[in-house]
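*Asks:* The residues making up each chain are set out below.
Number of protein chains: 2
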Amino acid sequence: MPKVLFTFPIKEQFRNELEKEFSEAEFDFSGTMENAERKHPDILVTYGSDLDAASLGGLPDLKWVMVASAGVDQLPLKELGERDILVTNSSGIHKTPMAETVLAHILSLKRALPQLREQQKQKVWEKVKSGELKGSTALILGPGSIGGEIGRLLQAFGVRTIGCSRSGSTHDGMHEDISFDCIDEHLPEADYVISVLPSTPETRWLLNEEHFKRMKNTAVFLNFGRGDLVKEEVIIEALKNKEIAQAVLDVFEQEPLPETNPLWKLENCTVSPHVSALSAKYVERALEIFKENLRVWLSSEGSYKNIVEPDRGY
Amino acid sequence: MPKVLFTFPIKEQFRNELEKEFSEAEFDFSGTMENAERKHPDILVTYGSDLDAASLGGLPDLKWVMVASAGVDQLPLKELGERDILVTNSSGIHKTPMAETVLAHILSLKRALPQLREQQKQKVWEKVKSGELKGSTALILGPGSIGGEIGRLLQAFGVRTIGCSRSGSTHDGMHEDISFDCIDEHLPEADYVISVLPSTPETRWLLNEEHFKRMKNTAVFLNFGRGDLVKEEVIIEALKNKEIAQAVLDVFEQEPLPETNPLWKLENCTVSPHVSALSAKYVERALEIFKENLRVWLSSEGSYKNIVEPDRGY
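Sequences listed follow chains X and W, in order. Residue numbers are given in our numbering: position 113 of the first sequence equals residue 113, and the series is strictly consecutive. Residue numbers are given in our numbering: position 155 of the second sequence equals residue 155, and the series is strictly consecutive.
Since the hints were made in silico from the structure, they are not lab data. All the given hints hold, so there is nothing to weed out.
Examples of chain X residues lying across from chain W (beta carbon under 10 Å, computed): (1) R117; (2) Q119; (3) G131; (4) K265; (5) V271.
Just so it is clear, CB atoms sit at the ideal spot from N, CA and C, and this is done for glycine as well.
Whenever a hint applies, use it, and build me the whole structure from the sequences.
*Replies:* Here you go:
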């Protein structure tokens, strides 16, 4: 009977549902990686950050790692690949909260909500300068499941969407698709430059100061992917010199963002503590994917969802 | 030659365009109602608040009032009706900025942006409780042009929309349509109660404390119509007693909102200074409607857009 160990706690309701449906598996909900190293599970369910090469060494029976998040850049992918361990993630469950978050920030800035909030504190009744999202252009770096959902919603607001990926192939939610190689010529068109890219060798430090100089000085740059897309000093300079109007950052080179980082205090920067994918429905949705895959595992029928290719990195 | 007088200033570009296209009309862009009373225009273009029964008495030749806003509740409708003066408004031009504003507030609260902003000021890196808009239900009071656009956008986010009007007839952007008479039974379903109703005899004080008691205690009430939909003391009590979670108010019984009004300081109330329809494109769009109607006026061909029925009040 395969042993399934969760390294994070889940609600009693979810535990009961799993045990009821999967009587052919043995569940351990004790909730830590230390436990895992003593109990030698076949299947590990983790958020990912607690699994490194050393702890992997302590799991001789491991055959499958189910990651309850989308990012797998913290995983020991090389070692997992060498041991031929199946890795699946929860890609796809983030698209709703992330797209809602991105739209929330874009609309909030466009309609001057932060300024109105400050005015309310002072009981100031004063018109504010606010524009329309309709008719603007968004360049979306990473037009996959999340980027496509952002694109679909932006299109409903009358925004032109350009998807930008490694291959430049066509994607849902995009009016136009370009490859990373063509980013230079399209940056000057964009009112919004939105990244939801994962961290891979191709995306690491993809953007530099030249890219920011090419953006409109009214542009808003939003990073909801990974903090190693661009050096923070580049963003800081672009914001200080008003090369762009605003930045909204949910991811950083170092997280939590150190208190000494100037981004905290730049008036044209919104710092968000890596929360864009949070949702009350998060665990429920991750477990749905896990259950589908566990059915495949136990029955040896069907195919796995969300397999991560260790050498591709997503 | 008909005399057209604007009681508010417009950009030179717009003045030139009007004079170029309509050489059969005489334009006066001098910009005040006092001027109007000396110059006896046939056609008056106004935002509406400067035209009362007394000033109307000083305009013996007036045949048409073009209102560059949507609300006509401040106009001397009775006297205009008696003198059979054509009244047109700019209804329809507000739908884009207003719908964007309503979505901005809804998403901003859902994704906890105000809380994140306060955290940033203190350099606090901490997760926040944030939910999803998807799957919720909105009751939209006033499912016309603006309400329909709000409904259309909410539907794109996976929100169920219920339109509520005097007649209960079907409207674009609504999954369901109900009449004012059925509001009681539908209030307990709504996560969002959004009003964009004009001020008319039927909508004045339409909501009372019983309605707020029927709402979910997680509900958000948004008023972007007129401040006489509900007594402010009712909203204040509902917010203080947590009968509802949040209110977002762009309109008030008295505007500007007096400094002594408790709404300013309630932590679960957003006070917005009647700015939801503002847009850089506002005047341009209002003039488009005016030009269409002026062509009809001068050619006596076609039919007028946006005629206001003085006895209906919108």
